[in-house]
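Trainee: Sequence:
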Amino acid sequence: MADGQTRDGRLLIALGFASIAILFLIYARLGNSEITPDALTSVERLGVMFYVLLIVALGAISYGMYQYHRQKIGTEKDDPFSIIANITWNKKSRRIFTITAIAYGLFFSLTSGILVYQPDVIFSKHYGVQVPSAFIAPCCGDIGYVPKFIFYITEHLGMQIIPLNLILQIAVSYLVGLNMAIAANAFSILRKGAGAGSVAAVTGLFIACPTCAGTFVSLFLSSSGAVAFTLAITQLQTLFIAISIPLLVTTPIIMAKKIKSSGWSCKVQP
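In terms of UniProt numbering, the sequence shown is residues 1 to 270.
Not one of these hints is a red herring.
Cut-off 25 Å, straight-line C-alpha distance, at most; resulting in silico cross-link-like pairs (BS3-like, lysine-lysine):
| id | residue 1 | residue 2 |
| --- | --- | --- |
| 1 | K77 | K92 |
| 2 | K91 | K77 |
| 3 | K72 | K91 |
| 4 | K91 | K257 |
| 5 | K260 | K91 |
| 6 | K260 | K72 |
| 7 | K148 | K125 |
| 8 | K72 | K92 |
| 9 | K77 | K257 |
Since the hints were made in silico from the structure, they are not lab data.
Can you build the whole structure from these sequences, using the hints too?
Mentor: This is how it looks when you write it as C-alpha cells:
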C-alpha cells in the first residue's frame, strides 16, 4: 500500500503539507522569541533556511501531484479524479492551464501586496536601502506571516513575500488554472447536452478569480474611497482567498460528475 502511494504521489503530497505545517510551528516558536542584537544574525539565517525548506516542501507537493495526475491517466476507473486527469491531459488543456495560472498569479501578486509598485516613492530615498537588494525580515508576527522576504527590484518596484500569501498564491493559481482547463473541456463535451450541463461547465468561470471582487467594487468608488476600501479589504484578503479554496476544489469534482453522467468515455485522446 505504501509503495502504491509512493508511485501515485500521495505520500509526497502528504509529506510536503506536513513539512510546511511543522515549519510554520517551529518558526512561530523560534522566530517570535525575544531577539537580542547578538542573536539577530542567527535568526536571519534561520529565516533563510525556512524559505529553502519551504521551497523543497512545495517542490515535493508539485511532483507528487504530477505523479498522481499521471497515475490516473488511462485508467479504467470513472471516478471524478480520473475523469479530471484524462480530460486535462492534452496540449490545449495544458496551454489554458499555464496561461491562466500565470496570469492569475501575477494578478494575485498585485492585489495581495506581494508585488509592490509605487511610482511616487523612491525606495532608496524613502527607506534608505540599496537598489537592487534583498533581505529577510525575521521577526515578528503571527504564524504564517513571518519571516518576510523583501526584495527591492528597482526604485519603484519591489516584492514582499509572506509565507502564507506565497502558499495561497501558488495553491489558488493552480486551482484557477485547473478550473479553467476543465471548464474549457466541459464546454466541448457538454455543448450538445442539456442546459444544466452548460451551467455546470460555466461554474468554474464564475469562481476563477477569487480576488477580483475587491478590485471590481473599487472601480465604482471615488479615489479617496477606493484607497480606504483597498486598505480595508487587504486586511481580509488572505481569509477571503482561503475560504474560496474549498469552492475551487469542489467545482472540478462537480463538473467531472456531470461529464460522467453525460456518457463521456474516460479515454485519453491521441
